[in-house]
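Q: Heads up: the sequence lines are chains C and Z, in that order. Each step along the first sequence adds one to the number in the working numbering, with nothing skipped, and position 518 is 518. Each step along the second sequence adds one to the number in the working numbering, with nothing skipped, and position 299 is 299.
Hints may contain errors.
[What the hints assert, rightly or not] Okay, the calculated beta carbon distance ranges per label pair:
no.	chain 1	residue 1	chain 2	residue 2	range
1	C	Arg-315	Z	Val-30	37 to 45 Å
2	Z	Pro-96	C	Gly-77	53 to 61 Å
3	C	Gly-77	Z	Gly-189	18 to 26 Å
4	Z	Val-174	C	Pro-329	52 to 60 Å
5	Z	Ala-182	C	Glu-466	53 to 61 Å
6	Z	Val-174	C	Arg-116	20 to 28 Å
7	Z	Ser-187	C	Gly-77	42 to 50 Å
[Stated by the list, open to error] These stretches of chain C come out as covered by chain Z in the derived footprint (C-beta under 8 Å, 3 or more residues):
no.	stretch
8	198-204
9	228-240
Note that these hints are calculated values from the structure, not bench results. C-beta: ideal position from N, C-alpha, C; glycine also.
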Amino acid sequence: MPDSMPQEPLLVARSVTRVFGGAHALQDATLTLRRNEICGLLGANGAGKSTLSRIVCGHLSPSSGEILFRNAPLAVGSARDALRSGIALVAQETSLAPDMSVLENIFLPSYAMPGRLSFGQLRQKAQAILSELGHDHVLPLDMEVRRLSAAQRQLVEIAKALALNADLVIFDEPTASLSPIEVDRLFDVMTRLKTSGKALAFVSHRLEEVFAITDRVTILREGRTVAEGVPTAGLTQADIIRHMVGRDIGHVYSRPSVSAAAKERLVALTVTGLRAPPMVRDVSFTVRKGEILGLGGLVGAGRSESAEAIFGLRRRSAGQVQVGGKEIPPNNPIAAIRAGLGMVAEDRRAQNIVPDMTVGENLFLAQMGKHKGFGRGHAARRRRARDLISRLGLPADRMDANLLHFSGGMQQKVIIARWLLIEPEVLILDEPTKGVDIGTRQAIYELLREVAERGIAVVVISSDFEELLGICERIVVVSDGYTIADLPASRLSEESLTLLAAPRSSAERNAAFLRDLVAGHGGTAFWGLIDGGQFVCLAVAEAEGSPAMGFAAGHVYPTHETAIPAALERRQTGVVTEKDGRSTLLTRLSNRRGHDLGWIGLSLPPGGTLPDPKFLSARMAGLFETPQDEEIDA
Amino acid sequence: MSAPTRSLAMPKFAGTLEFRMLGLAVVLAVILSFISPHFFTERNMFNILDQSVVLGIVAVGMTLVILTGGIDLSVGSVAGLTGIVLALLLKEFPIPVAIALAVGCGALIGLFSGVLIAVFGLAPFVVTLGVMAMGRSLSYIVSGQRSISGLPMGLQDIVYTTVLGIPTNVIFLVALYAASWAWLTYSKGGRTIYAVGSNIEAARAAGLNTLYYSIFPYVASGALAATAMTFSLAQIMSADPIGGNQLELDAIAAVVIGGASLYGGRGSILGTLMGVLIMVMIRNGLNLLGVSPFWQGTAIGAIIILALLAERLITWKSRRV
């Protein structure tokens with residue numbers, strides 16, 4: 001609970017600006033953290049949350065701006081000074097030393113502190129911290145960190161910050177790889193830290209968790225603070241997303257623009273049940289010839305990993321990939337290329353170009369993989385390469401120039417051209433405009449459209465939702481390694497896409513609950529968000545033979561287009577009967593702190609008997625017990 | 001006091017790479033003692049220890065460097081140069097002063113490499129390759145392309161004095177390994193070396209002094225190369241400009257046989273000791289068997305590759321489980 005009297009701020013960061021290679025990662029950002037409070041730090045991909053956290057902790061120096069800690073200026077850019085003054089960061093797992101033990105990683109900062117080193121004492125302290133996190137027996141202190149799972153590494157990160165006993169702790173996406181039970185435990189620990197007078201910041205994409213734990217939120221957009229220290233209690237998911245995206249929620253009512261002709265086009269790539277642990281859990285989608293499909297989602301949702309698994313660069317443990325109806329074998333990029341797949345990977349420098357080769361040599365790289373034999377039609381290919389290069393707006397005589405001498409955008413074009421040379425059926429592009437200036441972006445978009453027009457299926461992965469909406473006909477949303485939505489871009493807005501992409505820790509639990517409801521009462525049970533005349537359907541369970549509802553999971557609908565407009569527009573707990581006689585019981589789903597997590601509804605055909613609303617609410621409250629204690633009886 | 005990682009503590013020692021290398025050393029010793037009656041004699045055992053001194057001292061510095069993810073190709077020529085410098089200094093100064101100055105000279109050369117690597121971010125391979133070339137060339141120039149003899153007889157004392165029947169150079173070697181093992185295992189500085197090699201970003205984020213601990217290993221390596229050469233000079237009683245030639249290759253091989261990763265963060269001083277003993281034993285055994293010295297390179301190379309291949313196969317197997 002926030003104190004009635006706001007505390008004196010412990011940390012104030014003002015007009016913090018950070019420039020990375022000409023681009024502003026942060027511009028005039030502010031952040032205030034108080035004792036006895038947990039402040040959520042939110043923002044879309046690339047809004048600057050992590051940059052701001054790292055500046056506060058001294059891992060990065062700001063280009064300008066000031067940071068006051070306990071009313072005194074904080075020396076910036078020194079991790080040691082920040083640690084000594086009592087600021088700790090629970091970073092992503094990259095800040096562990098993989099060759100060292102759990103114990104040493106937890107106490108790594110103590111190697112820079114004065115005093116004698118006693119491993120015996122450290123061991124006891126570590127045991128105490130881990131038992132607080134509920135992991136004293138599960139996480140062996142002598143285990144090398146490289147052998148730990150992602151979740152265990154995360155716990156080590158958390159323990160490391162707790163061991164510092166800092167006054168201010170920033171949790172940067174601490175729950176990304178934790179299970180619900182571990183998240184609960186972490187939240188208990190965070191609450192205890194808060195009541196003992198510490199100031200906490202919680203960086204997360206997970207709105208449900210933000211509602212569950214924070215007292216205030218600060219929202220960043222494109223490096224600027226757009227909402228500072230707003231009490232969480234007065235916010236809804238839609239409010240937060242509006243701040244993150246920066247526009248009022250647009251109402252997009254147009255029907256899918258996928259033309260009939262498009263539907264008849266042949267399927268070029270089918271991915272079914274793709275699984276490549278730990279990042280990819282269940283990914284399925286299809287792309288037709290000449291279609292541009294977007295794979296949307298947050299950073300870390302498993303999109304790039306899916307693409308790598310499809311292309312054979314990452315070991316897949318289940319699932320099928322078919323190109324033009326033919327199955328392609330796993331873990332074999334050469335077979336994938338021969339089957340007609342092309343992939344432009346995310347990291348241009350590391351994965352795509354051979355920097356010291358010329359443009360021409362880089363162009364022919366994929367060719368070498370596709371064709372067996374030597375010297376087959378080299379002259380003809382060279383002619384085609386010249387052709388392509390001139391279309392890209394490059395003088396043909398630069399074929400023999402070193403690729404490194406070109407701009408990022410031009411390099412990207414050359415890489416795309418490389419794949420076009422081998423005439424793929426499907427071209428997958430991972431973040432094709434990353435680090436590319438706006439002018440060249442436009443040229444790349446045009447190139448992609450042209451590629452699609454030639455009948456090649458194009459899959460674009462992008463964290464820039466605006467870009468996805470701009471170039472794709474259809475978007476598949478990936479969240480936490482699952483494909484959760486597949487819908488035409490025209491039905492989506494940046495807001496609804498953000499809403500769909502947000503990982504929902506409760507998704508699996510709620511889906512099970514819906515199936516349960518339907519098993520007990522028949523009809524259709526659904527879970528979704530209702531906002532501004534739109535219904536965002538997150539999950540549906542249907543009994544056999546129940547009438548069509550006009551919505552499906554993972555889609556966004558104007559409420560009046562669904563079969564139950566009266567119920568959805570009323571937005572109140574209770575029973576509503578539609579004009580056609582079907583009746584719907586709608587109940588607000590809220591967490592233990594009373595925050596809106598959407599609505600759960602049960603709709604029965606005319607003549608059905610709905611359960612008592614109170615009975616339903618009581619069962620829904622059971623959703624928030626810790627899973628161990630959960631007992632759902634059908 | 002319990003050790004920080006099991007790989008360094010006795011209870012889990014079995015099953016670690018050091019243990020397997022100890023096994024390899026024992027197996028080698030047994031085989032050699034069967035083949036040659038002269039191998040397993042007290043005299044030859046001391047011989048092996050004596051032959052381990054120079055390589056052993058250099059390998060300690062190399063271990064520190066490799067633990068941070070670096071490499072020091074210059075140790076051989078630094079040893080050669082400081083040997084010449086020591087021989088010249090001995091003509092002017094008393095023995096202890098001359099030794100201290102020569103070791104200081106080695107440390108300075110290490111500091112030069114370390115600063116270029118840690119402060120200017122140059123690749124360790126390239127920097128130490130350059131220093132290697134310079135060191136060798138300077139040792140020819142400073143010596144006037146001749147070996148320098150006529151060193152004061154007192155210098156021999158650091159090798160031929162014995163305590164309880166054990167020569168002082170062997171005592172020094174054992175003390176150096178014990179001290180550096182304890183330092184690397186139990187001290188903040190030693191653990192910081194591991195942290196820097198394992199993930200320098202993590203070390204920096206934890207507030208550790210990454211700059212200091214990235215430079216220090218090169219300084220230690222330079223100083224130890226000079227120290228090793230001091231012992232060598234005391235035995236041969238002359239300094240040759242080609243002295244210490246290819247010492248860097250033997251030292252790197254010993255460290256790698258001892259289980260260190262060239263990417264840094266993994267390895268131990270005990271492993272290095274095993275590596276040194278294995279290298280010296282093979283040489284010694286082949287000499288006893290009268291194998292032509294020209295074949296020794298092939299034999300040593302094959303054993304290094306086989307040992308690492310076996311190690312890789314073992315860890316692959318355990319990783320799959």
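Q: State for each hint whether it applies.
A: Taking the hints in turn, this is what the structure says about them:
no. : hint                                : in the structure
1   : C:Arg-315 <-> Z:Val-30: 37 to 45 Å  : holds, 43 Å
2   : Z:Pro-96 <-> C:Gly-77: 53 to 61 Å   : violated, 45 Å
3   : C:Gly-77 <-> Z:Gly-189: 18 to 26 Å  : holds, 24 Å
4   : Z:Val-174 <-> C:Pro-329: 52 to 60 Å : holds, 57 Å
5   : Z:Ala-182 <-> C:Glu-466: 53 to 61 Å : holds, 59 Å
6   : Z:Val-174 <-> C:Arg-116: 20 to 28 Å : holds, 26 Å
7   : Z:Ser-187 <-> C:Gly-77: 42 to 50 Å  : violated, 28 Å
8   : 198-204                             : violated (count 0)
9   : 228-240                             : violated (count 0)
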